[in-house]
Amino acid sequence: MDNTTTTDTPGTGVDQVNAIIFPIFAALAIIIVYMPAYDFFRKRNFAMCSMIAAVTLMNLYCFINAIIWRNDDFDTWWDGQGLCDIEVNTRYQLSVVLMSSMACFTKNLADVFNQDSYSFMESSATKRRKLIFDILFVWGVPVFQVAIHYVVTAGRYSIIPIWGCDDSLDNSWPFLVFYWIPNPIFTLLSGYYAIRMLIGLHQHRSNISSTLASSGSGMSTRYFVKLSIIACSLLVIWIPCEGYWLYRQVPVPFHSYDWKSLHDPVSWNPILFLHSSEGPFMQYNGWPSVALSAMIFSYFGFNNDATDKYRSWLVKCGLGKIWPSLKEPRTQRRRRGSTVASHISSHFDLVSKAMHYFTPSRKSSGVPSSTGPSEA
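Heads up: the sequence shown is residues 28 to 403, going by the numbering used here.
These aren't lab readings, by the way, just hints derived from the structure by calculation. Please note: incorrect hints may appear among the correct ones.
Under the rule of at most 27 Å between Cα atoms (straight-line distance), these lysine-lysine pairs were calculated in the DSS-like manner [said to hold, decoys possible]:
id, residue 1, residue 2
1, Lys336, Lys348
2, Lys70, Lys157
3, Lys70, Lys348
4, Lys70, Lys154
Restraint ranges, calculated between C-beta atoms of paired labels, are given here [said to hold, decoys possible]:
id, residue 1, residue 2, range
5, Ile91, Asp335, 31 to 37 Å
6, Ala321, Ile94, 17 to 23 Å
7, Gly306, Ile212, 24 to 30 Å
8, Lys348, Asp102, 51 to 57 Å
9, Leu158, Asp285, 39 to 45 Å
10, Phe101, Thr334, 46 to 52 Å
11, Ile47, Trp295, 32 to 38 Å
12, Asp335, Val173, 35 to 41 Å
13, Ile91, Ala181, 21 to 27 Å
14, Tyr271, Tyr65, 28 to 34 Å
15, Asp291, Arg69, 48 to 54 Å
16, Glu305, Ile91, 19 to 25 Å
17, Gly345, Gln43, 34 to 40 Å
18, Glu305, Asp112, 19 to 25 Å
Please read all numbers here as calculations on a predicted model, not as lab measurements. All C-beta atoms in this analysis are idealised placements derived from N, C-alpha and C, irrespective of residue type, glycine included.
Could you put the whole structure together from the sequences, leaning on the hints where they help?
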């Protein structure tokens, strides 16, 4: 039985350039986060693994939807049953995972300076408790939102060109309490933990190496400073964007909750096909997740281990015969590295510049600032 309802609103159609390039970039966004994900998994960083998993799944949804619903031709559209039922029950929640994982990431950095949170020799039970806490912190609210999704929805789902499956959340108190409020809470927590982290860096700048060593975190000074800079730079972009997104999500007009009328099968079941002119900017909604993947790649995809892995892949593809330098080990590449190139790159090395702030502490403490080049 046909359960779809279409709207035919004249006006602006699908951006054809966006329809072509967006799925390409979405696919690239899925691929480029492999090495950062591998690196964080190896270092047991659950928060960042969760963030990468969430943004990858969001980009996968975007890629699939942009391929299936690439125009306004309702006659050729699939009604999305099955796929959209899964997407609308997880898509909003994945955006919450991004916020909760960012808060957890900054919290773990700030907790390095909290001696009650870390000890020099962490037992297996302590590590297990910390992992359980991180899992609940990052995934507790999103999983709960999945469980109550039917309660707050005003319809099954709608389909929009390029963006694809979209849910219809009811502008009543359950949405405000269980869906809208967690987002600013996690955003504020991210800012709070970032401030705590910066205060800790300032207070422990004279003994940062020994503090990290005694914390049991396993991080070198350089790697910790790098993560701190990345966390702060992400938040500088994250918080304003999140504020604007929350403003757009404010339930207006707000009304009382009515289960009976909200879940009337006559009004709730139909699948709505929407023309791109009804929400012309919706077709660009997937770009933020693509941009986030690009940021993760730019921050974490060029460390020494990742570079060695890329070179090994190129050699396996046969390019080592064309460029023999691809086979050179890291130490040999560094010895013959260009002085001019090193001088230019030093101007853009924020981590090295920030390390000057801790130079006196490294000289006085006698503790090396780096545990290995792989962490740079």
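Verification of the supplied hints:
1. The hinted pair formed by Lys336 and Lys348 meets the criterion: a straight-line CA distance of about 17 Å does not exceed 27 Å.
2. Taking the CA atoms of Lys70 and Lys157, the gap is about 14 Å. The hint holds against a cut of 27 Å.
3. Proposed proximity of Lys70 and Lys348 is contradicted: the alpha carbons are some 34 Å apart, above 27 Å.
4. At roughly 13 Å between alpha-carbon atoms, Lys70 and Lys154 fall within 27 Å of each other, so this suggested pair holds.
5. Hint check: Ile91 to Asp335, Cβ distance near 33 Å, so the stated range 31 to 37 Å holds.
6. A beta carbon spacing of about 20 Å between Ala321 and Ile94 agrees with the range 17 to 23 Å that was offered as a hint.
7. Restraint check, Gly306 to Ile212: a C-beta distance of roughly 28 Å satisfies the suggested window 24 to 30 Å.
8. Separation of Lys348 from Asp102 is about 52 Å and conforms to the stated range, judged on CB atoms against 51 to 57 Å.
9. One distance hint, 39 to 45 Å for the beta-carbon pair Leu158 and Asp285, holds here, with the actual separation near 42 Å.
10. Range check, Phe101 to Thr334: about 48 Å between beta-carbon atoms, so the 46 to 52 Å window is met.
11. As the Cβ distance of Ile47 to Trp295 is approximately 35 Å, the hint placing it in 32 to 38 Å holds.
12. Checked against the given bound of 35 to 41 Å, the beta carbons of Asp335 and Val173, roughly 39 Å apart, stay inside it.
13. The supplied range of 21 to 27 Å is met by Ile91 and Ala181, whose beta-carbon atoms lie about 25 Å from each other.
14. With their beta carbons about 33 Å apart, Tyr271 and Tyr65 fall inside the hinted range of 28 to 34 Å.
15. At roughly 52 Å, the beta carbons of Asp291 and Arg69 sit within the given window of 48 to 54 Å.
16. Glu305 and Ile91 have their C-beta atoms about 22 Å apart, which keeps the hinted 19 to 25 Å range intact.
17. The supplied range of 34 to 40 Å is met by Gly345 and Gln43, whose beta-carbon atoms lie about 37 Å from each other.
18. Roughly 22 Å separates the CB atoms of Glu305 and Asp112, a value that falls within the hinted 19 to 25 Å.
In this structure, only the earlier hint numbered 3 is contradicted, and the remaining ones agree with it.
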